[in-house]
Amino acid sequence: MSTLVSLPGATPVAAPDYQSLERPLNFTESAAAKVKSLIQEEGNPDLALRVYIEGGGCSGFQ
Numbered sequence: 001m002s003t004l005v006s007l008p009g010a011t012p013v014a015a016p017d018y019q020s021l022e023r024p025l026n027f028t029e030s031a032a033a034k035v036k037s038l039i040q041e042e043g044n045p046d047l048a049l050r051v052y053i054e055g056g057g058c059s060g061f062q
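Under this note's numbering, the letters of the sequence shown match residues 1 to 62, in that order.
Quick caveat, the hints were computed from the structure, so don't treat them as lab data. Bear in mind that the values here come from a model prediction, so they are computed numbers and not experimental data. Errors might be hidden in some of the hints.
What the hints assert, rightly or not - Listed next, with one range per pair, are the computed distances between beta-carbon atoms:
#1 Leu-25 <-> Gly-55: 14 to 24 Å
#2 Gly-43 <-> Glu-22: 24 to 34 Å
#3 Cys-58 <-> Lys-36: 24 to 34 Å
Virtual Cβ for every residue (Gly too), placed ideally from N, Cα, C.
Starting from the given sequences, assemble the full structure and let the hints guide the process.
What follows is the structure in structure tokens.
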């Protein structure tokens, strides 16, 4: 099962000219809990999770 994570104060931001998806990233319950705990450990509720895609991989994605 996955869930949409919404953190207080978080604003979705897309780079110009990029397609915006309604649900671009799904988290499992345990992944969402881990992100939440990491943010709580830092003591800064304004932190957010940055996600990026790195080219490469076994199928040669570039």
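Cross-check of the supplied hints:
1. Distance hint for Leu-25 and Gly-55: a CB-CB separation of about 18 Å, consistent with the stated range 14 to 24 Å.
2. Under the hint 24 to 34 Å, the C-beta atoms of Gly-43 and Glu-22, about 32 Å apart, fit the expected range.
3. Taking the beta carbon of each, Cys-58 and Lys-36 are about 32 Å apart, inside 24 to 34 Å as hinted.
Figure legend: structure checked against the earlier numbered hints; every hint is met.
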